[in-house]
Structure formats: C-alpha cells, structure tokens
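A.B. asks: Sequence:
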Amino acid sequence: MEYSFPHYLLSKQSVDDRALNRHVLDALKANLPDRPIRIIEVGAGLGTMLARLVRWDVVTKAEYILVDEMAENIQTAWDWIPLWAGESGLGVERSGENQLRVFDPTRDVRIRLERADVFDFIRKNKEPADLLIAHAFLDLLPMPESMPKLLALTKHLAWLTVNFDGVTSLEPAIDPALDERIERLYHATMDARATGGDSRAGRHLFGHLRAAGAEALAAGSSDWVVHSVNGKYIDDEAYFLHFILRFFEESLAGHAELDAAAFSDWLQKRRAQIERGELVYIAHQMDFLARV
Numbered sequence: 000m001e002y003s004f005p006h007y008l009l010s011k012q013s014v015d016d017r018a019l020n021r022h023v024l025d026a027l028k029a030n031l032p033d034r035p036i037r038i039i040e041v042g043a044g045l046g047t048m049l050a051r052l053v054r055w056d057v058v059t060k061a062e063y064i065l066v067d068e069m070a071e072n073i074q075t076a077w078d079w080i081p082l083w084a085g086e087s088g089l090g091v092e093r094s095g096e097n098q099l100r101v102f103d104p105t106r107d108v109r110i111r112l113e114r115a116d117v118f119d120f121i122r123k124n125k126e127p128a129d130l131l132i133a134h135a136f137l138d139l140l141p142m143p144e145s146m147p148k149l150l151a152l153t154k155h156l157a158w159l160t161v162n163f164d165g166v167t168s169l170e171p172a173i174d175p176a177l178d179e180r181i182e183r184l185y186h187a188t189m190d191a192r193a194t195g196g197d198s199r200a201g202r203h204l205f206g207h208l209r210a211a212g213a214e215a216l217a218a219g220s221s222d223w224v225v226h227s228v229n230g231k232y233i234d235d236e237a238y239f240l241h242f243i244l245r246f247f248e249e250s251l252a253g254h255a256e257l258d259a260a261a262f263s264d265w266l267q268k269r270r271a272q273i274e275r276g277e278l279v280y281i282a283h284q285m286d287f288l289a290r291v
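Numbering (numbering that gives the first Met the number 0), first residue to last: 0 to 291.
Rather than coming from a laboratory, the hints here were simulated on the basis of the structure. All values reported here derive from a predicted model rather than from experimental measurement. A hint or two may mislead.
[Claimed, not checked] Below, in silico cross-link-like pairs of lysine-lysine (DSSO-like), each with a Cα-Cα straight-line distance of 27 Å or less:
id, residue 1, residue 2
1, K28, K154
2, K28, K125
3, K60, K123
4, K154, K60
5, K268, K231
6, K60, K125
7, K154, K123
8, K148, K123
9, K28, K148
10, K125, K148
11, K125, K154
Turn these sequences into a full structure, and let the hints steer you where they fit.
C.D. replies: What follows is the structure, encoded as structure tokens:
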C-alpha cells in the first residue's frame, strides 16, 4: 500500500465529522461574533476543517489563515480547496501564490495559505484572530510552555479539538497481553518525542489553559470510533485504519521491548482484519472551547 499523509487527512474527514463534540461546537457557535471574523488555524493540513465549518454554516464570512509546516499539505490544499468548493456549488477565485476566495450569495471566505512552523508564525503574526483553531495538533507540542504562545494568536476564542487522551482500543483481540503491551509502548512513544507530545493531552489541557489565563467555556469527548457496516467501512475509512497501523509500525519498529517477529505478525493480522471489515478502532480524545 502507498502511504500518503495528505490522503490520510482526507480519509479521516468522516471520522472527524462524527467525533467532534456537538456540545462544544454549539458553544463555539453561540460565542462567535455576528460579523465577519478572522480565523487562524494552526496545523491546518489541507483545509478540511475550513470545509467542514463552511458546510455546517458555522463560518459564513471570514478571513481564514491556514498554517502548516508541511509543503506537501499546503500544495495539496491549494489544489483541493477549489476542487471541494466547486463540488459544493461555491465560486472560487485565486490570487497570488497563496490566496483563495470561496463564496456564494450567503458565504464569503477569504483564505490565506501559510507554510510555516507554528512558532515562527506566532513570532511574525501582527494581528490576533477572533478564533484560533488547533485540530488534532496540541498533543504533538511541548506543554505547558506552548499554550501561552498559541493563545497569543487569538484575542477572543480558541477551539481546540481532537486532543488525544490516553486510550487506544483495537478489537477483536489478537493476544490480550501483546495487545496491551503494544498499546502501552505506543502511548509511551508519544510522551518521549523530542519535539514534545503528551499521550494524555486532553485531560491536561484544563490545567494548561488555566495556567495560561484562559477559561474553558466548554469541554467534552471527541472519540474516534471506526467500524464497518455490513462488512464495509464507509467512505475512505479503511485507508484511515491502514494509516493508523502505519503509525504503530513507524513508532514501534525495532523497539527493545517488542519481539520483532511477534509485532510483524500482529500488524499482518490487524491488516487482515481491516480487509475483512472486522477491525474496530477507538481512540479517546477531548475538545475544548476556551476564552482568552
């Protein structure tokens, strides 16, 4: 199988659609100002959150800045956003090398794509947004020191979604003892990343926000739950599952506490479960709406 990170980001759209906490989303809608707003999304990937918010009529008139450090993501976003907009019946305009506009009679969103490390972007950004978005991103950063820097990007609200919180479940079991060991070691790699990270980021955000002077207006679970229906996964979720196993493989290959042959056999059996429509994947995560 060919593994592509942009393809993974596209494949998880339906997974994220189900996962996003509706209580927190309702709080976001209730607290957004009734005027055109400025939004900054960090770790924005391809713009799938932008598409979701437009599709759900959460954002109608806005300046939307997508920040991502991966050149492949920014280039794919430049191609994918107009494709999505056209398929959704929206007009599309391009200007310069990194600016787009999507619009119709009731919606007008002006988009700027910024390829940058998030902390470099924070240092150069001159105008804080009305809303900061960080989706499936904060559990990759060093905390708590990153939180005040991130919150400098907003003068009002921060919507912090799909923050991993310490539970991964793959069913049915293959070998309960081996399953437990692989899950434990996989989480430990998140905590040991040189660039920062936390396998229990969700629960810790309450304290990190408070220490940074922000108030949690709403919080709730945003679990990924993926299973087949009549033996088939919806949309592109089989690819999503294969990519999750790829994360396991890359994180744990050669680990001193894992027998290499047993781990290889485990991966092979899990992949076969996907092909048969048997694998159930659950990851516990949390969403927050914070006021700065």
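A.B. asks: It remains to establish, for every hint, whether it holds in the given structure.
C.D. replies: Hint-by-hint comparison with the structure:
no. : hint         : in the structure
1   : K28 to K154  : holds, 17 Å
2   : K28 to K125  : holds, 26 Å
3   : K60 to K123  : holds, 25 Å
4   : K154 to K60  : holds, 18 Å
5   : K268 to K231 : holds, 18 Å
6   : K60 to K125  : holds, 21 Å
7   : K154 to K123 : holds, 16 Å
8   : K148 to K123 : holds, 12 Å
9   : K28 to K148  : holds, 25 Å
10  : K125 to K148 : holds, 13 Å
11  : K125 to K154 : holds, 12 Å
Checked against the numbered hints above, the structure violates none of them.
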